[in-house]
Structure formats: C-alpha cells, structure tokens
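K.L.:
Listed below are the residues making up each chain.
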Amino acid sequence: MERLLTVSGLTTEFRTERGTVKAVNDVSYHVDEGEIIGLVGESGCGKSVSQLSVMQLIPNPPGKIVAGSVEFEGQDLLRYGRESREMCAIRGGRISMVFQEPMTSLNPAMTICRQMGEVLTEHLGIDKAEARERSVDMLSQVGIPDPGKRADDYPHQLSGGMRQRVMVGMSMLCNPKMIIADEATTALDATIQAQLLELMYEMVNKYHTALVMVTHNLGIVARYVHRVNVMYAGRIIESGTVRELWANPMHPYTEGLLKCVPKLGERLVPIKGMPPSLINRPPTCPFLPRCRLRQKSCFEEPVPELTHVEGDHYTTCRVRLEGLTDD
Amino acid sequence: MLTYIVRRLIHAFVVIVIVSIAVFILIRLLPGDPIEMLISQTQLTETTPEMIEALRHDKGLDRPLPVQYADWFVQMIRGDFGTSIMRNFDIGKEIGNRVTVTLMIGLSAFVIGLVLGPILGIVSAVRRGKFVDNLVTVIANIGITAPAFWVGILLIFFFGVRLKLLPIYGYTLPWDDFWMSFKQSLMPIFVTALGPIATTARQTRSSVLEVMSEDYIRTAWAKGLNERKVILRHIIKNSLLPVVTLQGTMLRMVVGGSVVVETVFVIPGMGKMMVDAMLSHDYPVVQAVTVIMTLVVVLSSLIVDLLYGWLDPRIQYD
Numbered sequence: 001m002e003r004l005l006t007v008s009g010l011t012t013e014f015r016t017e018r019g020t021v022k023a024v025n026d027v028s029y030h031v032d033e034g035e036i037i038g039l040v041g042e043s044g045c046g047k048s049v050s051q052l053s054v055m056q057l058i059p060n061p062p063g064k065i066v067a068g069s070v071e072f073e074g075q076d077l078l079r080y081g082r083e084s085r086e087m088c089a090i091r092g093g094r095i096s097m098v099f100q101e102p103m104t105s106l107n108p109a110m111t112i113c114r115q116m117g118e119v120l121t122e123h124l125g126i127d128k129a130e131a132r133e134r135s136v137d138m139l140s141q142v143g144i145p146d147p148g149k150r151a152d153d154y155p156h157q158l159s160g161g162m163r164q165r166v167m168v169g170m171s172m173l174c175n176p177k178m179i180i181a182d183e184a185t186t187a188l189d190a191t192i193q194a195q196l197l198e199l200m201y202e203m204v205n206k207y208h209t210a211l212v213m214v215t216h217n218l219g220i221v222a223r224y225v226h227r228v229n230v231m232y233a234g235r236i237i238e239s240g241t242v243r244e245l246w247a248n249p250m251h252p253y254t255e256g257l258l259k260c261v262p263k264l265g266e267r268l269v270p271i272k273g274m275p276p277s278l279i280n281r282p283p284t285c286p287f288l289p290r291c292r293l294r295q296k297s298c299f300e301e302p303v304p305e306l307t308h309v310e311g312d313h314y315t316t317c318r319v320r321l322e323g324l325t326d327d
Numbered sequence: 001m002l003t004y005i006v007r008r009l010i011h012a013f014v015v016i017v018i019v020s021i022a023v024f025i026l027i028r029l030l031p032g033d034p035i036e037m038l039i040s041q042t043q044l045t046e047t048t049p050e051m052i053e054a055l056r057h058d059k060g061l062d063r064p065l066p067v068q069y070a071d072w073f074v075q076m077i078r079g080d081f082g083t084s085i086m087r088n089f090d091i092g093k094e095i096g097n098r099v100t101v102t103l104m105i106g107l108s109a110f111v112i113g114l115v116l117g118p119i120l121g122i123v124s125a126v127r128r129g130k131f132v133d134n135l136v137t138v139i140a141n142i143g144i145t146a147p148a149f150w151v152g153i154l155l156i157f158f159f160g161v162r163l164k165l166l167p168i169y170g171y172t173l174p175w176d177d178f179w180m181s182f183k184q185s186l187m188p189i190f191v192t193a194l195g196p197i198a199t200t201a202r203q204t205r206s207s208v209l210e211v212m213s214e215d216y217i218r219t220a221w222a223k224g225l226n227e228r229k230v231i232l233r234h235i236i237k238n239s240l241l242p243v244v245t246l247q248g249t250m251l252r253m254v255v256g257g258s259v260v261v262e263t264v265f266v267i268p269g270m271g272k273m274m275v276d277a278m279l280s281h282d283y284p285v286v287q288a289v290t291v292i293m294t295l296v297v298v299l300s301s302l303i304v305d306l307l308y309g310w311l312d313p314r315i316q317y318d
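Protein chains in written order, with the working numbering: chain X, 1 to 327; chain H, 1 to 318.
These are computed hints drawn from the structure, not numbers from a lab.
Only true hints are included.
In the DSBU-like style, the derived pairs of lysine-lysine whose C-alpha atoms are separated by at most 30 Å in a straight line are:
1. H/Lys59 with H/Lys93
2. X/Lys149 with H/Lys237
3. X/Lys128 with H/Lys237
4. X/Lys22 with H/Lys130
5. X/Lys22 with X/Lys296
6. X/Lys64 with H/Lys130
Kindly produce the complete structure, drawing on both the sequences and the hints.
P.N.:
As structure tokens, then:
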C-alpha cells in the first residue's frame, strides 16, 4: 500500500493564562492509502487537537503548531499558511473532516443542499445545478429518504443522526483521499451510531478512502480499524494493529483501557487517578503518577520514543521495553 | 404569515390607543393653560374671565375630558388631526410638511447607521486586536457616551462659528436648493447617526466574534473555503440577527432624537414642532406628533420581526 500521510514530531501549543499547554507533544504516525486507523485516548488527551492541527484548523491565537511536519501525498502541509490557497484546496478536497457535534456543525441559515453544493463548486468548479444534482445523489447514498425534497431543508428540520449523515455525505462529495472522523458518532444514540459507522465503513471501502477514526470507544476500534494509536497526555504512547494490542498490550495505560471495555459478566476495572495537567510537563513518562509498573528510574529518565516491539507494534513503556523488574 | 401581520397590526392599534390616552392625560397634567397663554400672547391689556371662558368654549376645552378625547380620537382616525390652539394651523397639513424634513434627516442618518455600523463592526471583528479594531472601539465608545446635543454644539462651534464651513442652523429641502440642503444636513445627520453607528458597530463586532467560534464556521473552513467566503457566506448572515433587533430600536432613537437635534440646529421638523408645542401647551399638536411617532416605532418593530424570519429560518410565524 502507498503511504498517504506521514506526521512526524507534530507539536501544538496553546497559550493560556496559567502557562503554555502542550496539547499535542511530538506526535508521529502514518496513514496508508485506503487504510482505516484509530486514534484512541481519554478526553483531553489531544486526539482532536492533533487532527485539527493536520487540517490547520487550530484557532490561532491561542493555539499554535510549533514543530513537526505533516507530509500528505509528498507535500509538507505545514509549509503552507493556514489560509493559503494550497491549504484550502486540500481541506474539503483531498482531506475532509466529520466533526463530533452534528447539532451545531451545520450552518443554521443555509439549506442542506447549498452547504453541500458549496464544497463541489469550490473544489470541482462545477455549476450550481450540477452541484445540486450531485448533492442529492450523495444524500440518497448516505440513506436520507426523499433526498430531492430534503435537500431544501434547513439543518433544524433534520434529526441529529440525519445531520451527521449529511456531514458524512458532505465529506465524501469530492472523493477525498482521506477522511478524519473526529468522534463522529459519539453524540448519537447507540443504534444510530451503529448505522452511521456501517455507512462510513461502506463508503470508504467503496471509494478506497483512508479513514482516521478518533474515538474513545474501543468497541468501534476493534470492529473497523486496522491499526490503532493510543494517545495519552498529548503523546502517542503505543501503537499497533488491533490484534497485536488486544492480545499483547505493552503499555500499562493500554492495558487499563482494555480493562475498561464493558463485557457481559465481568467487572470493569477503572484506571486510578486523573490524567496530568499539560502545563509545564516534565519530560518523564506522562502516565507515571498512575502507573502500577513504575520503577525508580522512570522518575529520572525521559520518556522513550515510540520503540519497535514486533510487527507493527510500538510502545513507549521503558519498563516493558527494557524488561526492568523491581529494584 | 398574513394572519400574523394582521394580528400585529391589531396590537399596533391597541398600543396607539394606550399612548394616545397617556399623552392626552399627561399633557393636561402639566402646569399651565393654553387659553391663558393664547390670551397673553395676543397682548390684550384687559381680559375678563368671560372672555377667557368664551375662548375656552370656542376651542372646545370646556367639555368633559372623555368627550374631548373621544372627539379627538375619532377625528384623528378619519385623518383630521385638528387645529393648533396657538397658531390656528391645520395640524395634519403642518405635520405633512414637517415629517418630510424629519424623515430626510432621520432616514439618511438611519440608513448611514444601517450600512456603516455593521461594516465597521465586521471589519473590527475580523481584524480584532489590530489598529482598525482599536480605532473603531474608541470611536464607538465616544459615540455611545457623548450626548447628541453636546456633539451638536461642538460641531456648530468648530465648523460653523470657527471655520465658517457650514451653516449653523436652518434647513432647506434638497429639491429647493440641493447644495444648501446638503451643507445644512451634514451636521444634523452626523449627530443623529453617531449613536446608531456606534451601538451597531459594537453589537456587530461582538456578534461576529461569537459566530466565528461556532462549530459550523469550523465546518466552513474544513470545506476549504477561503476567508472571504467564510465571512461573506457563513458569518455575516448568522451574526446579523441581534444587530437587526438593535436596528429596530435605532429607528426609534432616530425619531426620538429628532427632538434634540432639530432643537439644536433649529430645523423645522417634527421634533422642533413637538418642543414648541409643549412649551406653549398646544395640546392637540403634542398629541398628534406623539401618535405619529408612536406609529413609526410600532411599524418599525413589525418590520424587524418580519426580517427575523428571513435571517433565521428556524423562526416561524403563526
């Protein structure tokens, strides 16, 4: 498979009154063509911010991408300005994004059809009549009943699930190479969630589109995703195929996450403690305060880079990597 | 939609009845008597109580108040505003002449505020923290805090008295002498428009900033639209709703402000007519002008409410 996206050393900071927050800290990952990858982690770990950084949609100020590179189809996107022509051509055309908030992500003062058509006229330069035709066709593909009539509805006339279908349809319009689904189904109820996931899965397979699924639902990950990146406190702390991680989690945080997946007849084991503040973090392992494997040396050594274990499996736990035991 | 408009017009009628009763009573509660003023004006050295009573009867002011009110209101509905007590002119005709003057100045000021306020607000929000933004903020603060009569007097002092660039008082209709009319209108229009421009600019600025952080604006960026398209297509329409509400109240301010501005610049409009009539206790004139101003206010808020439906499709009329 061809390499589509290579992110390396991506670091995004937010200036706040209490100090600088490194929301994304030295994050590196890649996506191949047509591949579905997962990005998991608890709230506030930098999943969304890392993806918004790739799209250069971080509000500046207060946010700023301070280091790293985002190589997409051989171009380094970070060399282009936020509002540059090149970046605008990529956003919505080559990479599109589906957001978490279906209720507020559509413009309340514009019909569905015009909002969708806008993407087409912008990137493909086709006229409004054809844009409408294609939008209606896409609405029927994402399972909106009576799409010809619904196209002229305003967002408030649609349910949350319908709106998210519109968003998914909108993201597919220009046949992009990659879609980022930022917790796209989190705000919906379970049955609608399942329908939408199936729909997205179908669509990306049909058009051979790569998909980055940002989620904290490991059930979704297990079902649809090829490879997973686990994020904690702004860093990717472990990555690998679903099979590798599920069978053999190396990082105690990944282990903890997997124990938090509800299974019938089993007790949930929560991870004790809270994620650390991201202001002025020391270079040591961010999971240290909550870790049950920690060694004395963990408090002194900086957290290692993602290190190869086997196959596609990488981790940052030095205890596991170096086979340290109690000293 | 039609039933909504009809219902609103009925409301408007009720408001006008209430206002007419209020002004009818309040103007009579003021100390002073129009008949005595009229007599002292005509400078009769000797006046007998009989003469006063005869004049009072002549003007119909000796009838019971409810009768006076009912008579006045019914006549008004028929389009007859009655005659001035002091100067015997037909009030309807006089208002017709003067309303043109007030509207020439008021509407020009209103339109300028309508256009300039939002533009300044949008520019200031888009370039927030930059020089333009600070400049607009400072000017807006001055515009909001400085009273109209004071700004008017300052302008008269500088441009009229010191620099002798503009005439300091009076008004000419543009179809009589356009250049004179233009010069005479500049300062009154500026003074009238200053408040609306300032308030609208500030409201628009904060409204635009709020809309800018909405999720759907992020979506618009994610579609690959450039800044111009994001602002023109997605931000402006959504940020105009609170501004339109404000514009509705602006029309009221412009109409009400005419009282002050026309007095400062000695302009023969409705506001000046109102002030003169109040000072001379000319009951029917005060009543008529008040009702007309109320009509303007009520109708402007109806227009605003209808505009909402166009701006925000979530609003339905029924």
